[in-house]
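Start from the sequences, fold in the hints, and give me the full structure.
Protein chains in written order, with the numbering used here: chain A, 1 to 313; chain B, 1001 to 1304.
Just so you know, the hints here were simulated from the structure itself, not pulled from any lab data.
Hints may be right or wrong, so weigh each one.
To be verified - Residues of chain B placed beyond 12 Å of chain A at every Cβ, according to the derived structure: (1) Lys-1166; (2) Cys-1195; (3) Pro-1258.
Said to hold, decoys possible - Lysine-lysine pairs mimicking DSS-like chemistry, simulated, CA-CA at most 25 Å apart: (4) A:Lys-207 x A:Lys-245; (5) B:Lys-1169 x B:Lys-1289; (6) B:Lys-1166 x B:Lys-1295; (7) A:Lys-235 x A:Lys-245; (8) B:Lys-1289 x B:Lys-1168; (9) A:Lys-207 x A:Lys-235; (10) A:Lys-107 x A:Lys-125; (11) A:Lys-252 x A:Lys-235; (12) A:Lys-107 x A:Lys-75; (13) A:Lys-172 x A:Lys-75; (14) B:Lys-1168 x A:Lys-13; (15) A:Lys-176 x A:Lys-125; (16) B:Lys-1019 x A:Lys-13; (17) A:Lys-207 x A:Lys-13; (18) B:Lys-1295 x B:Lys-1167; (19) A:Lys-287 x A:Lys-245; (20) A:Lys-75 x B:Lys-1295; (21) B:Lys-1289 x A:Lys-75; (22) B:Lys-1019 x A:Lys-90; (23) B:Lys-1169 x A:Lys-18; (24) B:Lys-1295 x A:Lys-13; (25) A:Lys-235 x A:Lys-287; (26) A:Lys-13 x B:Lys-1167; (27) B:Lys-1254 x B:Lys-1169.
Note that the coordinates shown come from a computational prediction; the quantities given were computed from them, not determined experimentally.
Even glycine gets a Cβ: it sits at the ideal position worked out from N, Cα and C.
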Amino acid sequence: MLEIRNLVKNYGKFQALKGINLHIERGEIFGFIGPNGAGKTTTMRIVCGLLQATAGEVYVDGIDALNEPNRIKRKVGYVPDFFGVYDNLKVMEYMNFFASMYGYRPKEVSESIHGLLELVNLADKENAYVDGLSRGMKQRLCVARALIHDPELLVLDEPASGLDPRARYELKEILKNLGDMGKTIIISSHILPELSEMCTSIGVMEKGNLIMSGNVEEIMQRSKGVAPLHIEVVKNEETAVRMLKECPAAEKVSIRDNNIVVTFDGDDLAVADLIRQLVEQEVGICKVFREKGNLESVFLEITEHVQEGGKVQ
Amino acid sequence: MMMNPILNKELTVGSRSIKMSIHLMLYNLILGGIAIITLLILREESAYGGADYQSLMALFPILATLQCFIILFMIPVLTASSIAGERERQTLDVMLTTPISAFSIVLGKVFSAMAQVLMYVLSSIPIMSLAFIIGGMSWSYILGFIVMVIYASFYVGAVGVYCSAKKKKTIASVISSFIFIAASMVGTVVGFSICIGIIQSQYYATYNGNGYTGTLNYGLTPLWMLFNPAVPVANYVCHAFFGYSIADLGASGKDNLPASMYFLTQHWNVFGVIVNILVAFWFIRRAAKNINPLKKVKSKKNQG
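Here it is in structure tokens:
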């Protein structure tokens, strides 16, 4: 659905995008992760035809987005991070206004607008003034507005920013429904746990580079090597701590709630080997488990590697 | 044919604005006050002999001047936030992701400012009608004046939207609109006056004691005033009320003008309106180019 090749964006001497490559399949929900200034919004704005690329290629459903921006406008729906309000405009009028921007007459799209408002749980707000809606409702309305022309690709830039937990949950459910409907969605967010629950694939951006992208499950698998290891010791705790401190794969060793907590960079086989060595030294172990992996720890680990000049595979 | 979506939306929003209703009411109260004072003066006059009902025609230039001031001062304020406001609300980005062209967005903004001004003008028709009901002025003059108001508001609106697209802040946009409009109105008069002064001084320099040996020819000097958007309106009002226009001025100076310039003076308003509408379209195109995020891509493509 979306193919980005060697995308570069320069602002004067500053290089915001340093030749990123990305492939997103139809029906995927792709999450963009990265700190502020990483290049997520720049990438999204280029895809939507709101920013000119310095170099590279962008294809939306096979259409060259950089050279034929007008053709992709009917294929892409855009939700910015900030919802602008028009005073004295009702929800239905707001939807009709944007429908007319796509050349639809209000009568032609009346039913589909009702359907969209139902989809975003705003069916009872048709005659309410837009500026009187809550922030969460406005953001949902913005999603409905972006769907008015039935786009194949929906681009959402930080849609959950500033929303309360309830509004975030509702938005997440709507996006999940859209995913089930077969829409391809690109979403950027700082709220990483939500992305991991919602997205089928993610990309991590840092300083204008896409340092990692792929299936969420594959990436979460990585977190197994990042999440701390908890070892509950009932005998020879001091020996265990000494051995762990000497182990090259173990980074931080601490004792928390009678457990030895160690950041251990190794897979399940390495963990098994470590336990065998501890047992051989007569350390009494009654329980070993890994903390549940999460996107946040993966993200922190990856960005830490990049900041240290390391390469991410 | 579908109405411009921007204009449609602006009209919906504008019609609900309480501010608009209050402004309209105040405006008509002022005009009504002027009309009542004129009528009271007439009644006083009739008590001391015959009343000059034709003096009610004086309402026409007074109202015309007021309308022109509204156009000059209100449209830049109305249009200053038209694009800058959309930028601030981040709604411009959303609009630009739709198939509607940047040109249509800008044109919609100009039309909505014109529509608001037209509301003022149309609401004042009952008061202006006193000039022809009692004063004996022809209907056609008032209709013609409305056409002139539409033309002038299109020009000022185009300049205002251009400045709004160019400047990020509303206040900077208002100031630059006033500067642009002042430059087009005062600047052309200054240019025209300097050229006339030079030509006349050269002519007077040919005086040899018995007479002038040179000929006084103003050449293409009138073209300066062709780019002054206020001249067609002033010309129209002067012709309607005083019965004197640029055509008369041209006829009196026929010997000092080339044939082409004489022809121009005889059809001044046609040429003046056309030229300034073209200038307005140029401003609209520039504004559209300014808000189009992919303008450079297009130009590269064209080059290629």
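Hints versus structure:
1. Lys-1166: 19 Å, holds
2. Cys-1195: 44 Å, holds
3. Pro-1258: 48 Å, holds
4. A:Lys-207 x A:Lys-245: Status violated; Cα separation ~34 Å.
5. B:Lys-1169 x B:Lys-1289: 18 Å, holds
6. B:Lys-1166 x B:Lys-1295: 14 Å, holds
7. A:Lys-235 x A:Lys-245: Measuring from Cα to Cα gives roughly 17 Å; hence the hint holds.
8. B:Lys-1289 x B:Lys-1168: 15 Å, holds
9. A:Lys-207 x A:Lys-235: 48 Å, violated
10. A:Lys-107 x A:Lys-125: With a Cα-Cα distance of about 19 Å, the restraint between Lys-107 of chain A and Lys-125 of chain A holds, given a limit of 25 Å.
11. A:Lys-252 x A:Lys-235: 21 Å, holds
12. A:Lys-107 x A:Lys-75: 22 Å, holds
13. A:Lys-172 x A:Lys-75: Holds, because 22 Å separates the two Cα atoms, which is no more than 25 Å.
14. B:Lys-1168 x A:Lys-13: Holds, at roughly 23 Å.
15. A:Lys-176 x A:Lys-125: 22 Å, holds
16. B:Lys-1019 x A:Lys-13: 47 Å, violated
17. A:Lys-207 x A:Lys-13: Roughly 14 Å separates the two Cα atoms, so the pair holds.
18. B:Lys-1295 x B:Lys-1167: With a Cα-Cα distance of about 17 Å, the restraint between Lys-1295 of chain B and Lys-1167 of chain B holds, given a limit of 25 Å.
19. A:Lys-287 x A:Lys-245: With a Cα-Cα distance of about 19 Å, the restraint between Lys-287 of chain A and Lys-245 of chain A holds, given a limit of 25 Å.
20. A:Lys-75 x B:Lys-1295: With a Cα-Cα distance of about 21 Å, the restraint between Lys-75 of chain A and Lys-1295 of chain B holds, given a limit of 25 Å.
21. B:Lys-1289 x A:Lys-75: The hint holds at about 23 Å.
22. B:Lys-1019 x A:Lys-90: Roughly 19 Å between the alpha carbons, so the hint for Lys-1019 of chain B and Lys-90 of chain A holds.
23. B:Lys-1169 x A:Lys-18: 32 Å, violated
24. B:Lys-1295 x A:Lys-13: 21 Å, holds
25. A:Lys-235 x A:Lys-287: 12 Å, holds
26. A:Lys-13 x B:Lys-1167: At roughly 24 Å apart (the allowed maximum being 25 Å), Lys-1167 of chain B and Lys-13 of chain A satisfy the hint.
27. B:Lys-1254 x B:Lys-1169: This hinted pair is violated, its Cα atoms lying about 49 Å apart.
In terms of the numbered hints stated before, the structure departs from hints 4, 9, 16, 23 and 27, listed from lowest to highest.
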